[in-house]
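Novice: Listed below are the residues making up each chain.
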Amino acid sequence: MKNPMNKRFFRELKSDLGKYLVIFLFIVMVVSVVSGFLAANADVADSYYGNLKNNRVENGHLSFNIRPDDEIMKAVAEKADIVFYPADYFEETNNGRTLRVYTVSDSVNIPEVFEGRLPERNDEIVLDNLQSEAHGLKIGDRIPVDGHELTIAGFVALPNYRALFKDNADLMFDKDSFGIGLMTEEGFEAFSSEHVTVNYAWRYNTEAETDKEKRDASEKVLNALRDELTEANTAIYMRAMAGEQGLTMLEVTDFLSDYENKAINFAGEDMNGDSAAISMFLYIVVAVLAFIVAVTTINTLTKEASVIGTLRASGYTRGEMVRHYSVLPLCSFLIGMAVGNIIGYTWMRDFMMSIYRSMYSLGNVHVSWNREAFLKTTLIPTIIMIVINFAILIWKLRIRPLSFLRREISGSKKKRAMRLSPKIPFTWRFRIRIIFQNMSNYVTMMVGVVLAGAIIIFGLMFQPLLNEVSRRIMDTTISRYQYLLKTPEEASESGAERFAITSLETAREGYKTDEVSVYGIVKDSSYIDREIPEGKALVSNGFMDKYSLKEGDTVSLYDKYSDKYYDFTVAGDYPYEASLAVFVKIDEFNSTFGKTPDYYSGYFSEEKLESLTTSNIYMVLDSETMSGFADQLWKSFADFMGPVRWFGVIMFVLMVYLLAKQVIERNAVSISMTKILGFTPGEIGGLYIVSTSIVVIGSLFLAIPLVDRLMRLIFRTYLYKRMSGYLPYCISNNCYINMVLLGIGSYIAVAALQLLKIRRIEKSEALKTIE
Amino acid sequence: MSFVEIKNVKKHYGEGEARTAVLTGVDLSIEKGELCVLLGPSGSGKSTLLNIIGGIDDADEGYVMIDNEKTADMNEKRLTQYRRNHLGYVFQLYNLIPNLTVRENIEVGAYLSKKPLEVDSLLKTLGLYEHRNKLPNQLSGGQQQRTAIGRAVIKNPDILLCDEPTGALDYNTSKEILTLLERINSEYGNTIIMVTHNDALKHMADRVVKLRDGRVHSNYLNEKRMPVSEIEW
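The listed protein sequences correspond, in order, to chains A and B. Counting with the working numbering, you get residues 1 to 771 for the letters of the first sequence. Counting with the working numbering, you get residues 1001 to 1233 for the letters of the second sequence.
Please keep in mind that the hints were generated in silico from the structure rather than gathered at the bench. A few of these clues could be false.
[Claimed, not checked] Result set (PhoX-like, lysine-lysine): computed pairs, CA atoms no more than 20 Å apart in a straight line:
#1 A:K512 <-> A:K560
#2 A:K7 <-> B:K1032
#3 A:K564 <-> A:K212
#4 A:K214 <-> A:K608
#5 A:K486 <-> A:K303
#6 A:K2 <-> B:K1114
#7 B:K1134 <-> A:K14
#8 A:K212 <-> A:K74
#9 B:K1032 <-> B:K1202
#10 B:K1175 <-> B:K1115
#11 A:K53 <-> A:K212
#12 A:K396 <-> B:K1115
#13 A:K2 <-> B:K1224
#14 A:K220 <-> A:K564
#15 A:K486 <-> A:K595
Bound conformation, chain A alone:
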């Protein structure tokens, strides 16, 4: 015989459709987003890693100030067991957009044609496929490059430019003002060689697999390069000493191994990191949902306590009861999960893929079934849901049948009524008792509101944060322009102040490597307005914050070109937000780095330095460009953040609705009785809805410090270690105000539904069920 209790399921579903619909919708929403994301992520990752291998991504590249002799390159290649491939490029800046142009190669960094074809004629160019979306370009369009008109022949994905980082020190890629173009060799040669950067890509003869192997292999290249450079420069020096004119020392202006190259790795790391983070997010949300479901089931047990007691007394086992009361919530959950996965693997995957495509230069992505993603979004959440619900149900149903019959199911001894002063108005005493009586609902609600609040804040915080970053960069700028020179050169402008600069790296265990600018500052500087103590260094505030440095600490920085560590004693912080930086006296800088006492390599200036030789200027950093990275960062985030915010709001509404509904249902008899006594629905709402409102609004305010702590923790333990560069932790007060307003605004809709529910409770409810 089939259990006749099973006949309850459909009727129960019909009578409490709202509850099961909310559970269903909640899980559909979460699972579709997460599975869509993971599926897209897995497909993109497959394409990404496949392309790196198949299209022979470089193992590194290096640039020189002048073209080195072939013998030098040959010697380095032999010593380091690598093959060099010429990979010169030039850059063309037009309307603030920089196009870096290479030639098409079939040996290294082979382009994958996404649309159109590779260039065949000298006046043709192909662009990375992000240019098509970012600037509305299409095949056949003609673009101006250094006075030439070039026709776009196609769009490609390059393995060495998955993310468009113009410079490896940039905090974020910049698809809007930076792009890559490829031309035929003949076409490339038609351009002026004056702007060409002498660049070589290399690949190891023996493939390096692990990080350590890659580091060692890169180290080998660097050592070989150092040896050859020293030898070559010694020879140049000797020739110069012998009186030969016009000689220039050979310098490496860029050296970047693949494992450090953000343009190659950022997308992959982003995908891996996002995948882990979003899976964790799913598990947290499911755990919260499982507790919400458990609370609703406990309410059902309370409502049906005497029936349960009778059934248990008649011989129904605890297992039968547990199974019976978990069927509907679990079915809603499992069906929600199935529907969520279907949406996730179809529409949502396409949507997520489009977001990835808007961020990274991807080639052709093949859609495939991903078992791991499916397990992550189905098996683990289901286990979480079942374990939490069964554990709570078993714990609740451990009570003996007699206790159910007596409706003593709280598990604890009968508590005395809490004493409330008669001075407190009656309505407030009533509300306080409602809150305490429904504590489990309200505690779950508070946890959920905090979680939803954190998601809303996450969706809201980045735009104001990046505006703040931009403002801080402008406010703490040292000078409007920073000129970086290839060789020292006197500037005639009066406001120009010399400085020396070099770039070192952090080497802190557990953190991603950061590039740190070490500045040598002249005595009585007009630009650095703090005295730098002898033998010590001022450290930029971002550096101090990110690495939790304090005065007196020693910062150890690494120079990969000389394989040396340099220690700096922190004398205090200096407000400078444009990059991680260390400021020392220029004479100490020169002695530390083996420079001549009068060495310098740049100028601070409030005006453009026209007197300098253009070809001797290595780089000009202006404050607008430096602060502009915040805009780039926001553009990269914006597509994601809008949906995140609304996801938080929907989660908030569904959860508050479900739990508030439970409070009303649990008190249906009391509400009915108050109606009999003559209270109007409005007055009853004033008791029950106001109680829930107090909890919701209280939770929203409580969420502010909790979310603040949570976000701070995420920044410190996750973001700061995973990201190179510095993003200050600051959440605008407006974000919290918006979170509270969004919460209250959406709660008003829930409260209206609650009032409707109160109106629907009949007076007969109290008479019918009173026992």
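Mind docking chain B on chain A? Use the hints.
Specialist: Using the frame of chain A, we list chain B on its own:
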């Protein structure tokens, strides 16, 4: 050995100053097929004794033995199986499942038994056949209690435990229910132990047990049971 043997059963609630002795040493034997009425004023321990017999409450001391099996020796799982196979419960409050029909509520009891009675036949015996497709909220109190009795009886239990089954009913409906119990007892031969504070009901019993202050005050067999229809109160 009697079918139900109760030896020196003691039970208290609360501790310290709040300690209340409910049963202070109850000895009682009930034979198979007997209709036993437990009488006594409020607080005399009738319901507590019934709950201990039914295995949903524990005795502090003493034991209950049914058909040579001590309930105190059974663990929770075994006790549940025991109730499932041998006992039927009827409470003052009907405790029906609100979203199951009359028939389905009775089937809930039938599901527990390997050899349940025939549902339609029992519905007719209970006078509920015409109401079989109604939900509990469409029934009168008497009809609801008859459904509850049906749910207990359908599995043809050895012992039917009834705790104030007419406590919430009016005179005529109470008579109806008691007549039904009387009929079930004679038709199916179940042992019925019924708790009531209505002294008049002693006439319908084979055995009358009066409890006072947690002890058996009197325990006797009626020479002849009076039909419920003839009892007035």
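Novice: None of the hints should be skipped; say for each whether it holds.
Specialist: Verification of the hints:
1. A:K512 <-> A:K560: holds, 15 Å
2. A:K7 <-> B:K1032: Status violated; Cα separation ~36 Å.
3. A:K564 <-> A:K212: holds, 19 Å
4. A:K214 <-> A:K608: violated, 42 Å
5. A:K486 <-> A:K303: It is violated: about 81 Å lies between the C-alpha atoms, which goes past 20 Å.
6. A:K2 <-> B:K1114: It holds: about 12 Å lies between the C-alpha atoms, which stays within 20 Å.
7. B:K1134 <-> A:K14: Distance of about 17 Å is within 20 Å: holds.
8. A:K212 <-> A:K74: violated, 25 Å
9. B:K1032 <-> B:K1202: holds, 18 Å
10. B:K1175 <-> B:K1115: Since the Cα atoms of K1175 (chain B) and K1115 (chain B) sit roughly 29 Å apart, the hinted pair is violated (cutoff 20 Å).
11. A:K53 <-> A:K212: Cα-Cα ~19 Å, so holds.
12. A:K396 <-> B:K1115: Violated. K396 (chain A) to K1115 (chain B) sits at ~32 Å, over the 20 Å cutoff.
13. A:K2 <-> B:K1224: Roughly 43 Å separates the two Cα atoms, so the pair is violated.
14. A:K220 <-> A:K564: Holds, because 15 Å separates the two Cα atoms, which is no more than 20 Å.
15. A:K486 <-> A:K595: Roughly 14 Å between the alpha carbons, so the hint for K486 (chain A) and K595 (chain A) holds.
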